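Chains as they are written, first to last, in the UniProt record's numbering: chain A, 1 to 486; chain B, 1 to 486; chain C, 1 to 486.
To be clear, the hints were calculated from the coordinates, so they are not data collected in a lab.
Where hints are given, some of them may not hold.
One copy or any two copies: either way a pair holds, since identical chains are not told apart in the list.
Subject to a maximum C-alpha distance of 20 Å in a straight line, what follows is the list of computed SDA-like cross-link-like pairs (lysine to any residue) [as the list claims (entries may be wrong)]:
| # | residue 1 | residue 2 |
| --- | --- | --- |
| 1 | Lys288 | Asn18 |
| 2 | Lys134 | Pro404 |
| 3 | Lys288 | Thr175 |
| 4 | Lys134 | Cys422 |
| 5 | Lys354 | Leu188 |
| 6 | Lys57 | Lys221 |
| 7 | Lys57 | Tyr215 |
| 8 | Lys291 | Glu460 |
| 9 | Lys288 | Asn16 |
| 10 | Lys57 | Phe405 |
| 11 | Lys356 | Ile376 |
| 12 | Lys132 | Pro410 |
| 13 | Lys356 | Phe41 |
| 14 | Lys407 | Ser381 |
| 15 | Lys291 | Thr17 |
| 16 | Lys288 | Trp30 |
| 17 | Lys407 | Thr388 |
| 18 | Lys407 | Leu126 |
In this text, all values refer to a predicted model and were calculated from it rather than measured experimentally.
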Amino acid sequence: MGNCMGIRDVCDRPKNTNVRCRLPAVCFVWQLSMIILFGVFVRYNEESDTHWVDYRKGNNITSDIENDFYFRYPSFQDVHVMIFVGFGFLMTFLKRYSFGAMGFNFLIAAFGIQWALLMQGWFHSLDYTDGKIKIGVENLINADFCVAGCLIAYGAVLGKVSPVQLLVMTLFGITLFAVEEYIILNVLHAKDAGGSMVIHTFGAYYGLSISWVLYRPSLDKSNHLNGSVYHSDVFAMIGTLFLWMFWPSFNSAIADHGDGQHRAAINTYLALASTVLTTVAISSLFEKTGKLDMVHIQNSTLAGGVAVGTAAEFMLSPYGSLIVGFFCGIISTMGYNHFSTVTFYAICPFLEEKLKIQDTCGVHNLHAMPGVIGGIVGAISAAAATNTVYGDLGLENTFDFTGPFAKRVPTIQGGFQAAGLCVALCFGIGGGIFVGLVLKLPIWGDPADENCFDDEIYWEVPEDEESVPPFVAYNNHMIPNKHADM
Amino acid sequence: MGNCMGIRDVCDRPKNTNVRCRLPAVCFVWQLSMIILFGVFVRYNEESDTHWVDYRKGNNITSDIENDFYFRYPSFQDVHVMIFVGFGFLMTFLKRYSFGAMGFNFLIAAFGIQWALLMQGWFHSLDYTDGKIKIGVENLINADFCVAGCLIAYGAVLGKVSPVQLLVMTLFGITLFAVEEYIILNVLHAKDAGGSMVIHTFGAYYGLSISWVLYRPSLDKSNHLNGSVYHSDVFAMIGTLFLWMFWPSFNSAIADHGDGQHRAAINTYLALASTVLTTVAISSLFEKTGKLDMVHIQNSTLAGGVAVGTAAEFMLSPYGSLIVGFFCGIISTMGYNHFSTVTFYAICPFLEEKLKIQDTCGVHNLHAMPGVIGGIVGAISAAAATNTVYGDLGLENTFDFTGPFAKRVPTIQGGFQAAGLCVALCFGIGGGIFVGLVLKLPIWGDPADENCFDDEIYWEVPEDEESVPPFVAYNNHMIPNKHADM
Amino acid sequence: MGNCMGIRDVCDRPKNTNVRCRLPAVCFVWQLSMIILFGVFVRYNEESDTHWVDYRKGNNITSDIENDFYFRYPSFQDVHVMIFVGFGFLMTFLKRYSFGAMGFNFLIAAFGIQWALLMQGWFHSLDYTDGKIKIGVENLINADFCVAGCLIAYGAVLGKVSPVQLLVMTLFGITLFAVEEYIILNVLHAKDAGGSMVIHTFGAYYGLSISWVLYRPSLDKSNHLNGSVYHSDVFAMIGTLFLWMFWPSFNSAIADHGDGQHRAAINTYLALASTVLTTVAISSLFEKTGKLDMVHIQNSTLAGGVAVGTAAEFMLSPYGSLIVGFFCGIISTMGYNHFSTVTFYAICPFLEEKLKIQDTCGVHNLHAMPGVIGGIVGAISAAAATNTVYGDLGLENTFDFTGPFAKRVPTIQGGFQAAGLCVALCFGIGGGIFVGLVLKLPIWGDPADENCFDDEIYWEVPEDEESVPPFVAYNNHMIPNKHADM
């Protein structure tokens, strides 16, 4: 590979992708900062502290099983799988970017959850008596959620940025997320258990805006790598299925104890099932011979889970969930079809040609549109809530019409939900443009156009072909090499 | 590929596999029907409804943690993984049918769970006061169980049917399942926590009967695709392991709260461990040089979980579970060895030659025989139950000897268990023959014999070879292409 | 392949790897012994027995949800996934040893959990009233833990031993583990919730010592197979990620109910996040162009989970966990870098050249060093425990200063923790040398040096190349075969 690499290095000269100083520096400095900030600010909350045993007695809690850990830990682990295996593997579909997909996803999620614990902690879990952030299992879930927004954004720029850029994008993304979330959930008092607005709408527009700023006119130079091979599509389905299966846990993880979590899981289960059928229908309908396209199955089948996020804990009713899933499967799949007619399938030509947005994983179709739909469905179903359907106590509990919001009524709530959607959009687009400009600085080691979607730039890739050629010369014939071609 | 495809199309002319009208039509119409039927019939039950908060107070339930959600949701998620990743990946072993294995598994499961919620709801969860089906987490688990029967049947016809046929097969399969289940569990009052009879025996014979009716005398035309490659065998092990690991959750998911779930998990854990050792032993014993066969490891290691299904919640005792697993590993592996001597390994020559049944995944060895054994073990262990072993209250609880069945004794229960097994067999075989005849109609777009086991028929397959040839010409030599050979 | 195999057989003649008699015999005899021993000794405990319903009433337990099953089953399933998918897939990184990695991992774990239930049962769960071992979900978790030690040891000898040797290694390994665990946890009364000492230190040194005794001077004959290919690295990441994600469950699975489990999960979550960043930093720093190495990402990212094992349930505090993870990421990655400079990347040249230890998976860097660090961190944090931080009741609960240990104080506890680490080291090294000598006997069917890391020895491997050549002759040209190259 010596020569070959030599030639390659010459071609790459305009772009220096050597991150040997920058990447370790950023990782070390940021991790040290995390340690210092955690040292100053973060402590266990009363349910994860050894004083729980006293607290229990003092508060007449009859059993350890009422520790919040047992309400939320199973869902937390499912969410954790979605973040690391779900998002990580969903992006392995590119033929030569699986290391980057899984590996950088892993890196930015691991940094993001720490920063999110701090940022969200300052806004939501600060104990004013001692100025400390008190954390428990719910904080871990929220940190994972916060990271999900940044991973969605990663999908839009997959293969076109350096790991340093991704870390910067995550730092700003988490920060923006925490502020946006505070405004939506606390100031506006909107509800968003599954994060249609807070996570998906924000994350998708954040990523698309960055992608717009970082537009690469000559990206077609790496067209030969911008597609899948058979086995990379199978790997990507691991991501799809773990996202799909655990989405009920995602939407119910921080819902109210009892009926709230229960209902959120049911609604999500149903919406996702419905989405699969309409995704298959549209995928088959738009192809000349009725064949199915793996891109749709990998992505659009998830749209129902996104769209039912906000309303998952409401009394959406089972058929309501099916309806939401039904339309999202159609819209999302048509998004892939309409926007990405032929050539390199994951980048949307419409978005690319008209709007100059290159969206590698199609997050516009999977997160942006369904997220907005989810916000709207949430607003409508909140506005339509009645005491008859919810019960007096149920209405108060579900929408937390207590304290300063005791006088709020469902129709008003619907308005605040809609306002929340606008906030998510503004933060996503505005924040994305700002961060995109930061990432345009020529200091981050991003790849040249012809090196996009190629693991060789940032990874030691095993030299399959040289050490194990699929054919070897034998008596002047090429015969199969028995150790080649896994 | 142009020419090549042209020739191909000519060859295929006798069979039209274009499903562009049929597949979308079926998906749309059925999904719309689901929405309408859910709108008319399905509501949340008292534990997933906002009235839970009132119900709790009215029924002296001290804590939200006693909501059935917390008893069953972790097991539900494990079962969900088994259905979508377990069954889906187990079938990816074929070298060129991984898309179909995962994708159609996904499609029919997503449809099936909706139809199952309705069918099972009408039989088991109908609230006679308002004519509505009231659903909660237990219904979701049962819907997943119901779908498992159809996915087992899919294993028998893998690669030989169109997605439209699979959907039809699922529609009828779920319907038959619900009736059969009602007769076995409610009319006969047999117990079957892990579904050895209700799920595995029914599902396997349903699939085998369909395969018998759809017998293809010239299936050897697609012999070259009826086998695995190295990496497809690794993918299949993902399915095997997730099924194996989560089987304790499968058998305990709807068992009684408390000791019932606890015991079912222990019994299944032990039976499966035992099966692995005898599977390895027989696999090695029957091969000239003692090598192991991946087909056995992928499939027979699961037989113990099937066979301990019915008796999992009984006092089978730990060594009883080990014994069940011990024999099932032997029988299942010998099934694969005896029935599938050499050539194309997954289709059983014995079944094929004598009985004209082509069983792609060997469901006869994995589900049918162990399922019947499970039914028998269940009948014997029920008949042998005594007050000494179970305790008076324990016996009553375990077998639900209450209400109309208050006078039933263990020996009688054993007889009813055996009757349940017969019902499962009859429904499986009879239903399978009927549905097989329906699927024989020449309107479903099934593949020609030479196109079986080939994803190209129903999927857009990435063109690995043309875009990324493993070798490229260089100075009149063929040299390895560095981007080839994933 | 006929000829080829013929030549091969000749080459292999010095080593007979035919395990056709030995492997089935060991599996059958051992499994039958398990059945007999379980028949004599093992019964359900009070929470998994039908008498639970009476026990509940007798002990004023208000709800079935207080059955230990609901405290521990979700964590148990996560641990189960770590054992079978986590360890199994982590070792699939070799290009041609994925079957052996997953398959033998599966086999020895399935045997090991049974033997562990007995061995640990005799030490910890023996009911002296009737001489029976009473098992429940906590025993299943402990059996999985016990097996983890042996799977770690497998990592050190991966590819170089026969399945019979692995079973022998597991038999002795479990036995040694149970004794060592009894001494550390019961006699010394050290705490080790996540098993830094009991599992990781013991397991790693056990495997390294065996590898030292079985040193192969000519192992470089199989250098061509001692490395990864692109897709095998992706498979290995499945193992890495499932280990990483579920490690909080591993460390919290048998911690105290309530705050103990809660805190252990938080500490592990944080330590692991921190490790990822320093692993990436060091990996990039030591490579000329700043590229990342998959070996580090696959392994060193897990070191934080190992190192926080002992102290996970202590009041380590969130920043303490981050610090532990920070240093372990550095040390572990430097271990891979320093010890394995270039050629065949997973075997450590330093260990190999100086110490004559061939450590295929680098368990020294992933388990041995972090395990020892974990033991030290545990000792220090135990010695530093104060009533102020823990609360009086909390201190007593966390360290079980009750019964014969009622008078123990934290500083003394720290000393006993350190003693526990020494016990783990001694058992690992001493036991490993003994078992290594046993495994050196020429009766186990181990492979010749040139056949190491090759699945062909013990597995029927699908003949990819012959049935589906990547190129076919066409008009005197080699053209791509459309079914080749998955």
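Hint check:
Proximity of lysine 288 and asparagine 18 under a CA criterion of 20 Å is satisfied inter-copy only: 9 Å between copies versus 45 Å inside one chain copy. Taking the closest pair of Cα atoms, lysine 134 and proline 404 never come within 20 Å of each other, the shortest separation being 24 Å inside a single copy and 35 Å across copies. For a Cα distance limit of 20 Å, the shortest separation of lysine 288 from threonine 175 qualifies neither inside one copy, at 46 Å, nor across copies, at 33 Å. Taking identical chains as interchangeable, the C-alpha atoms of lysine 134 and cysteine 422 are never at most 20 Å apart, the minima being 31 Å within one chain and 36 Å between chains.
For the identical chains of this complex, lysine 354 and leucine 188 are neighbours neither inside a copy (35 Å) nor across copies (66 Å), given an alpha-carbon limit of 20 Å. Taking the shortest Cα distances, lysine 57 and lysine 221 never come within 20 Å of each other, neither inside one copy (67 Å) nor across copies (66 Å). In this assembly of identical chains, the alpha carbons of lysine 57 and tyrosine 215 never lie at most 20 Å apart, being 60 Å within a copy and 59 Å across copies at closest. Proximity of lysine 291 to glutamate 460 under the C-alpha cut-off of 20 Å is restricted to the inter-copy arrangement: shortest distance 6 Å between copies versus 37 Å within a copy.
Taking the shortest alpha-carbon separations for lysine 288 and asparagine 16, only the inter-copy value of 13 Å comes in at or below 20 Å, while the best intra-copy value is 44 Å. Proximity of lysine 57 to phenylalanine 405 under the C-alpha cut-off of 20 Å is found in neither arrangement, the shortest distances being 32 Å within a copy and 24 Å between copies. Proximity of lysine 356 and isoleucine 376 under a CA criterion of 20 Å is satisfied in neither setting, with 27 Å inside one chain copy and 56 Å between copies. In the homo-oligomer, the alpha carbons of lysine 132 and proline 410 never lie at most 20 Å apart, since the shortest distance is 35 Å inside one protomer and 26 Å across protomers.
For a Cα distance limit of 20 Å, the shortest separation of lysine 356 from phenylalanine 41 qualifies neither inside one copy, at 43 Å, nor across copies, at 48 Å. In this assembly of identical chains, lysine 407 and serine 381 lie within 20 Å of each other by CA distance solely inside one copy; the values are 19 Å within and 50 Å between copies. Taking CA atoms no more than 20 Å apart as the test, lysine 291 paired with threonine 17 passes between copies only; the shortest distance there is 9 Å, against 40 Å inside one copy. With identical chains, the CA atoms of lysine 288 and tryptophan 30 are never at most 20 Å apart, being 52 Å at best within one copy and 23 Å at best between copies.
For a Cα distance limit of 20 Å, the shortest separation of lysine 407 from threonine 388 inside one copy, 18 Å, qualifies, whereas the shortest one across copies, 44 Å, does not. In this assembly of identical chains, lysine 407 and leucine 126 lie within 20 Å of each other by CA distance neither inside one copy nor across copies; the values are 26 Å within and 38 Å between.
In terms of the numbered hints stated before, the structure departs from hints 2, 3, 4, 5, 6, 7, 10, 11, 12, 13, 16, 18, listed from lowest to highest.
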